[in-house]
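Working from the sequences, and respecting the hints, build out all of it.
For the record, the sequence lines run as chains L and D.
The first sequence begins at 1 in our numbering and counts up by one.
The second sequence begins at 1 in our numbering and counts up by one.
No wet-lab data here; the hints were simulated from the structure.
Heads up, the beta-carbon is just placed ideally off N, CA and C, and yes, glycines get one too.
Hints may contain errors.
To be verified - Computed list of lysine to aspartate or glutamate pairs in EDC-like fashion (alpha-carbon distance at most 20 Å, straight line):
1) D:Lys56 / L:Asp38
2) D:Lys6 / L:Glu180
3) L:Lys36 / D:Asp46
4) D:Lys102 / D:Asp88
5) L:Lys35 / D:Asp66
6) D:Lys36 / L:Asp38
7) D:Lys6 / L:Glu9
8) L:Lys6 / D:Glu133
9) L:Lys131 / L:Glu180
10) L:Lys6 / D:Glu194
11) D:Lys6 / L:Glu59
12) D:Lys6 / L:Asp43
13) D:Lys159 / D:Glu133
14) L:Lys6 / D:Glu96
15) D:Lys131 / D:Glu87
16) D:Lys49 / L:Glu9
17) D:Lys36 / L:Asp88
18) D:Lys49 / L:Glu59
19) L:Lys35 / D:Asp46
What the hints assert, rightly or not - Some chain L residues flagged as far from chain D (calculated, every beta-carbon gap over 10 Å):
20) Glu133
21) Ala143
22) Gly150
23) His163
24) Ser169
25) Thr179
26) Glu180
27) Leu187
28) Glu194
Protein chains: 2
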Amino acid sequence: MQIPSKYLENAVNQLSSLPGVGRRTALRLALFLLKKSDSEMNDFTDSLKGLHTHIKFCEICHNISDHPICGICANSNRDKSIICVVEDIRDVMAIESTGAYKGIYHILGGLISPMDGIGPNQLNINSLVNKAEESKPKEIIFALSPTMEGDTTNFYLFKKLQHLSIYISTLSRGVSVGTELQYADELTLSRSLEQRSEFKAI
Amino acid sequence: MQIPSKYLENAVNQLSSLPGVGRRTALRLALFLLKKSDSEMNDFTDSLKGLHTHIKFCEICHNISDHPICGICANSNRDKSIICVVEDIRDVMAIESTGAYKGIYHILGGLISPMDGIGPNQLNINSLVNKAEESKPKEIIFALSPTMEGDTTNFYLFKKLQHLSIYISTLSRGVSVGTELQYADELTLSRSLEQRSEFKAI
Numbered sequence: 001m002q003i004p005s006k007y008l009e010n011a012v013n014q015l016s017s018l019p020g021v022g023r024r025t026a027l028r029l030a031l032f033l034l035k036k037s038d039s040e041m042n043d044f045t046d047s048l049k050g051l052h053t054h055i056k057f058c059e060i061c062h063n064i065s066d067h068p069i070c071g072i073c074a075n076s077n078r079d080k081s082i083i084c085v086v087e088d089i090r091d092v093m094a095i096e097s098t099g100a101y102k103g104i105y106h107i108l109g110g111l112i113s114p115m116d117g118i119g120p121n122q123l124n125i126n127s128l129v130n131k132a133e134e135s136k137p138k139e140i141i142f143a144l145s146p147t148m149e150g151d152t153t154n155f156y157l158f159k160k161l162q163h164l165s166i167y168i169s170t171l172s173r174g175v176s177v178g179t180e181l182q183y184a185d186e187l188t189l190s191r192s193l194e195q196r197s198e199f200k201a202i
Numbered sequence: 001m002q003i004p005s006k007y008l009e010n011a012v013n014q015l016s017s018l019p020g021v022g023r024r025t026a027l028r029l030a031l032f033l034l035k036k037s038d039s040e041m042n043d044f045t046d047s048l049k050g051l052h053t054h055i056k057f058c059e060i061c062h063n064i065s066d067h068p069i070c071g072i073c074a075n076s077n078r079d080k081s082i083i084c085v086v087e088d089i090r091d092v093m094a095i096e097s098t099g100a101y102k103g104i105y106h107i108l109g110g111l112i113s114p115m116d117g118i119g120p121n122q123l124n125i126n127s128l129v130n131k132a133e134e135s136k137p138k139e140i141i142f143a144l145s146p147t148m149e150g151d152t153t154n155f156y157l158f159k160k161l162q163h164l165s166i167y168i169s170t171l172s173r174g175v176s177v178g179t180e181l182q183y184a185d186e187l188t189l190s191r192s193l194e195q196r197s198e199f200k201a202i
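Here it is, written out as structure tokens:
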């Protein structure tokens with residue numbers, strides 16, 4: 001694909017560095033941006049630069065925030081004695097949207113993944129251990145993805161927190177709501193059998 | 001989806017204005033950009049701003065170019081007596097990549113589409129008619145998409161150019177190379193029967 005302008009080529013190269021954007025899509029995006037007015041273009045680039053200049057990370061839970069302490073940690077109605085450990089702020093948003101959780105969070109910023117060169121020191125693990133030692137929460141919930149990396153991180157965190165004798169829980173694993181049982185994979189099905197709970201008629 | 005920062009929200013709103021990018025993808029892109037270093041971020045936004053400040057449109061054919069006249073129009077080896085009319089610079093790139101065309105181009109910048117409020121005056125049609133009147137090319141090829149809008153534009157252009165008695169051609173329509181005949185749609189198949197040509201054993 002021969003691009004007839006080095007400035008367009010440059011924009012296409014930058015846009016195709018985004019996750020999930022190939023060169024064809026990048027060209028489509030660049031031509032779309034080319035049609036924007038100067039002021040629209042300024043708004044666009046300013047909003048992206050604003051990410052770097054304005055966004056802070058909460059000093060307590062590492063959530064993204066406009067203030068030194070995020071809205072959840074600063075909220076006096078949230079139960080500070082339960083800490084939910086998640087990988088990413090998108091997990092916080094997913095759990096918040098259920099409305100079923102009233103505790104606080106701790107964002108690791110990733111999962112331990114030797115394949116990708118991510119070790120425990122690159123994650124917000126020490127601050128979690130310090131927080132647990134100081135505030136002695138009632139419960140810590142591990143809400144990481146049910147993957148190899150998630151399980152490795154769960155195990156590492158457990159070893160680090162074990163000596164504090166805090167109740168540590170993890171999200172239940174089982175068949176998704178709305179799934180047809182015959183299509184559930186074997187591992188999920190066997191886990192949901194092991195972790196079966198008493199039936200309650202509501 | 002409750003986003004915990006107004007600056008992140010702003011970036012997500014801007015990114016989700018891009019074609020084919022929804023709010024979830026926009027959030028993923030924004031979080032990816034947030035992890036870039038300051039200098040990487042500057043390179044990124046500068047490359048987008050460069051689209052507006054540096055890119056020119058060729059004075060002859062309206063192709064995107066870094067100079068007032070594009071590389072194809074400025075190339076003395078190209079046959080200036082054949083003009084290929086296309087919708088978009090992506091069509092130029094597609095035809096150039098075949099290596100089968102040695103004439104020049106004229107980019108309309110869109111197709112006539114009353115549904116989208118695009119009339120002939122918003123397209124580079126007058127400059128095509130003027131160019132044809134002045135330079136009297138041997139042939140004008142209509143290489144527009146075989147859609148309703150493409151056909152409407154073809155018809156409009158033909159009416160505008162008819163009085164110049166220039167040979168006007170259009171891309172052949174027929175079954176794609178590599179298609180199984182049984183899966184070709186009826187309209188395409190009937191067109192390829194009408195436009196059948198003499199078989200040549202190479």
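Okay, the hints, checked on the actual structure:
At most 20 Å may separate the alpha-carbon atoms for a hinted pair to count; Lys56 of chain D and Asp38 of chain L meet this at roughly 14 Å. For a cut-off of 20 Å, the pair hint linking Lys6 of chain D to Glu180 of chain L is broken: about 40 Å separates their Cα positions. Our distance criterion of 20 Å between C-alpha atoms is met by Lys36 of chain L and Asp46 of chain D, whose separation comes to about 15 Å. Under the criterion of a C-alpha separation no larger than 20 Å, the hint pairing Lys102 of chain D with Asp88 of chain D is consistent with the structure, at around 18 Å.
A C-alpha spacing of about 16 Å is found between Lys35 of chain L and Asp66 of chain D, which places the hinted pair at or below 20 Å, so the restraint holds. Annotation: proposed proximity of Lys36 of chain D to Asp38 of chain L is violated, straight-line Cα distance about 25 Å (limit 20 Å). Of the supplied pair hints, the one linking Lys6 of chain D and Glu9 of chain L is violated, its CA atoms being roughly 32 Å apart against a limit of 20 Å. Distance check on the hinted pair: Lys6 of chain L and Glu133 of chain D sit about 33 Å apart at the alpha-carbon level, beyond 20 Å; violated.
At most 20 Å may separate the alpha-carbon atoms for a hinted pair to count; Lys131 of chain L and Glu180 of chain L exceed this at roughly 42 Å. Between the alpha carbons of Lys6 of chain L and Glu194 of chain D the distance comes to roughly 44 Å, so the proposed pair goes past 20 Å and is violated. For the hint linking Lys6 of chain D to Glu59 of chain L, the alpha-carbon distance of about 18 Å falls within 20 Å, and the restraint holds. A threshold of 20 Å between alpha carbons decides the hint, and for Lys6 of chain D with Asp43 of chain L the separation of about 14 Å falls inside it, so the pair holds.
Pair hint Lys159 of chain D plus Glu133 of chain D holds up; C-alpha atoms about 14 Å apart against a cutoff of 20 Å. With a C-alpha separation of about 17 Å, the suggested pairing of Lys6 of chain L with Glu96 of chain D holds against the 20 Å cut-off. For a cut-off of 20 Å, the pair hint linking Lys131 of chain D to Glu87 of chain D stands: about 17 Å separates their Cα positions. The hinted pair formed by Lys49 of chain D and Glu9 of chain L meets the criterion: a straight-line CA distance of about 13 Å does not exceed 20 Å.
About 16 Å separates the Cα atoms of Lys36 of chain D and Asp88 of chain L, which keeps this hinted pair within 20 Å; it holds. Between Lys49 of chain D and Glu59 of chain L the CA atoms are separated by roughly 34 Å; this puts the pair beyond 20 Å, and the hint is violated. Straight-line distance between C-alpha atoms of Lys35 of chain L and Asp46 of chain D comes to about 17 Å, which keeps the hinted pair within the 20 Å bound. Every Cβ of chain D is farther than 10 Å from the Cβ of Glu133 of chain L; the closest lies at roughly 27 Å, confirming the non-interface assignment.
The beta carbon of Ala143 of chain L sits about 17 Å from the closest Cβ of chain D, which is more than 10 Å, so the claim that it is off the interface holds. At roughly 18 Å, the least C-beta separation between Gly150 of chain L and chain D is larger than 10 Å, which holds for a residue marked as non-interface. Distance to chain D confirms His163 of chain L as a non-interface residue, since its nearest Cβ pair spans about 32 Å, more than 10 Å. For Ser169 of chain L, the condition that its CB be more than 10 Å from all CB atoms of chain D holds, with the nearest at approximately 24 Å.
For Thr179 of chain L, the condition that its CB be more than 10 Å from all CB atoms of chain D holds, with the nearest at approximately 22 Å. For Glu180 of chain L, the non-interface assignment is confirmed: its Cβ lies about 25 Å from the closest Cβ of chain D, beyond the 10 Å cut-off. Non-interface status of Leu187 of chain L relative to chain D is upheld: no Cβ of that chain comes within 10 Å, the nearest being about 27 Å off. Residue placement check: Glu194 of chain L keeps its beta carbon more than 10 Å from all beta carbons of chain D (closest about 33 Å).
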